[in-house]
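Engineer: Assemble the complex: chain U is given as a structure, and chain V must be docked to it using the hints.
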Amino acid sequence: MPETIPEDSVGLVSPQTMQFDEPLEFACGRSIKSYQLVYETYGQLNANKSNAVLICHALSGHHHAAGYHSMDDKTPGWWETCIGPGKPIDTDKFFVVCPNNIGGCHGSTGPNTINPETGKYWGPDFPPLRARDWMEAQFRLGVRLGIDQWAAVIGGSLGGMQAMRWSLEFPDKIRYSVAIASTMSLTAQNIAFNEIARHAIQTDPDFHDGYYLEKGTIPKRGLVQARMLAHVTYLSDTLMGDRFGRVLRAGDFQRGQYNPIQFEVESYLRYQGEKFSTTFDANTYILITRILDYFDLAREYDHDAVSAFSHARCKFLVISFTTDWRFAPERSREIADALIAAGKDVTYAEIDAPQGHDAFLLPIDPYIRLFREYMQRIADEVNA
Amino acid sequence: MSRHIRDDLYMLQDWITPKTRVLDLGCGNGDFLRFLMDHKQILGYGLEIDREHIIECVTKGVNVIEQDLNRGLTNFMDKSFDTVVMTQALQIMHRPDLVLDDMLRIGSECIVTFPNFGNLFSRAYLSFYGRMPVTKQLAYQWYETPNIHFCTIRDFEILCQEKDIDILHRNVIAERFPNRIFKELSPNLFGETAIYHLSKNK
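The listed protein sequences correspond, in order, to chains U and V.
First residue of the first sequence: 16, per my numbering; consecutive thereafter.
First residue of the second sequence: -2, per my numbering; consecutive thereafter.
Hints in this document: simulated from the structure, not taken from any laboratory.
Note that the structure is predicted; figures quoted are calculated from it, not measured.
Ideal Cβ positions, reconstructed from N, Cα and C, are used throughout, including at glycine.
Please note that the accuracy of each hint is not assured.
What the hints assert, rightly or not - Covered stretches of chain V (chain U as the covering partner; in silico rule of three or more C-beta atoms under 8 angstroms from a C-beta of chain U):
1. 50 to 58
2. 65 to 77
What the hints assert, rightly or not - Which stretches of chain U does chain V cover? Using the computed rule of at least three CB atoms under 8 angstroms from a CB of chain V, they are:
3. 122 to 136
4. 387 to 397
Said to hold, decoys possible - Straight-line Cα separation of at most 27 angstroms, BS3-like style, residue types lysine-lysine; simulated pairs:
5. U/290 / U/235
6. U/188 / V/16
7. U/230 / U/135
8. U/188 / V/57
9. V/16 / U/64
Isolated chain V, as found in the complex:
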């Protein structure tokens, strides 16, 4: 299988059943949906607001719908998708908890990925420099960042517990040293990106 997609995306494609309906919230340039269309024959739709990304999706033949996630997802019916995906966008939402509710209402299953703010690097940056972490992946100053709701893996799992959300799978990505060695030991301390497969069927 050819892989021209980000690591976190490649990792979660295993959780997507072939020939199902997939909604990608904040689908970016459409690479992931195109990949799923080609390799899993899914019927996919991506929501996006960035003009250039929308045009890239069109060029790739990906179904893209111009819609601002922060304006709600009330136009989608309950359980109208098999999987609702949101990668690296939870922290941009005005109310990540409500978006999560909507995702679990619309999809039978959900997949979310987000940068883990509980990572050693973030903790060390804050304690040593006394400043908000700025990394290569999250290269924004605090006042200009679109990432307004950072959370840690622990925070996220507590939210899932409170909301009665089932965690079907969890995966973490860690590429730097020493994260990649110790990520299984303490995902919240060493994980850089968290990947969750969720459902709320009961």
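Just chain U, with the same shape it has in the complex:
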């Protein structure tokens, strides 16, 4: 945490909790009787409640999207670059809501919370969710907050997939859908990466078939490996080359001596893996990567994306990044093409950026400017 909070930050924020004592039926056929969602809000809801924006988080995200929880926080929320006063999602103009999705592990009901019926952790017995289950929970949160229609539903990566699903699940409840670095469905390669990550977790001896919390342990090694692998796929070759190159953290290659070598990139990945393993629940990781794998926007529309999007009523902004090889620009172009064919208003930008998939989290000038201009128009429309 810097000594003073920057002017373009939402500042100190506190998470809130909403308890729902009503059953939530999931797409898999199972249901839960009650649940809670942890969420944060920034900005003020206007008098006619038309300026609310829903932020959907990605795989490793959560409700803390912007600002700081305390003056001791080392880092702000995960989308601090885009949410705040004067930023693309301008908190002077929008009422921003970001929940931790159900099935998550940062306070909302999920595998690492207690199942009231058994008195034990849900663990691997938590219902296998699909993305639409999140939409329903998010929708109900909106209703409780007095929001009838979202000015925009916005997300990057898996968050963008939710933003698109919203446009089909609740066409009248959303004016704009913003999908950044996203896709309508994962490729075989994407699924393969997710399966390697799950395999690493599930084969960790501390995994105990998912009942590790009851054993008082966590599958740390598996989580570290899963995160190290995933992290590589979020960056580009160029970016890793620029940031780490072949720089050595320890050791050298001097003749006649042996000093064990550690490359900078090795140390970086281990640090990322370690950090993640202490803050993320393994069962949630498995659950959410499966949500990603199962997601197919057009599946129930006869696998026709144009027919799927013909049900949408909102306008769309689609953004991709040239070096994103996890959800490549081709995936976003497919979205834009389908939207055009379906006769929907859409703007599509392909941002030339070396940072790979994670670019959507970074302050890349053309991206931020375009995003801000687009959101500004929405703000003018809903605050008029």
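Structural biologist: Using the frame of chain U, we list chain V on its own:
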């Protein structure tokens, strides 16, 4: 009707039917699509690659798609638009003839505008100076110009004939003297900008 658009654009808007689908190839700052949205209630999309132009389109609320025309238009389905427009960009294309094919495949009708290289001024410049014409509108030296495929009105009409393209309307703009007086007499000699309304339905 308020007009804040270029002359060639104002002239061709008559050929666009209200409430139809319009694709603008190389839509620039989005002024033309915005004009058509406001005055003809069209559903429009513009293709553009210039970063600043894309942001201007966003600011104006114009649907803009970042796409390089030279990479083809295969992502657009046959007859998916009522009108496909390309203004002052044909001469920039790597293969103007193929772009024209694509435009006529995607749109029921097409509108193209281009600078007429058969204009008296260009002819005189080349014959007197023996150098490639440089004008206020086309202010590039030969080695740096993006305009790599200049043609004349006659060239263009021969291409249309070869390709069996119907010319629904033709218009020429000529603002300098003596062009503006004689443009109807010989469009290829006096026309500065050519405007064509095309179709290939048969």
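Engineer: Does each hint hold? Answer for all of them.
Structural biologist: Structure-based check of all given hints:
1. 50 to 58: holds (count 6)
2. 65 to 77: holds (count 4)
3. 122 to 136: Result for this restraint: violated, n = 0.
4. 387 to 397: Three-residue rule met by the segment 387 to 397 of chain U, so holds; n is 4.
5. U/290 / U/235: holds (10 angstroms)
6. U/188 / V/16: holds (26 angstroms)
7. U/230 / U/135: holds (12 angstroms)
8. U/188 / V/57: Given pair residue 188 of chain U, residue 57 of chain V holds - Cα atoms ~24 angstroms apart, limit 27 angstroms.
9. V/16 / U/64: violated (32 angstroms)
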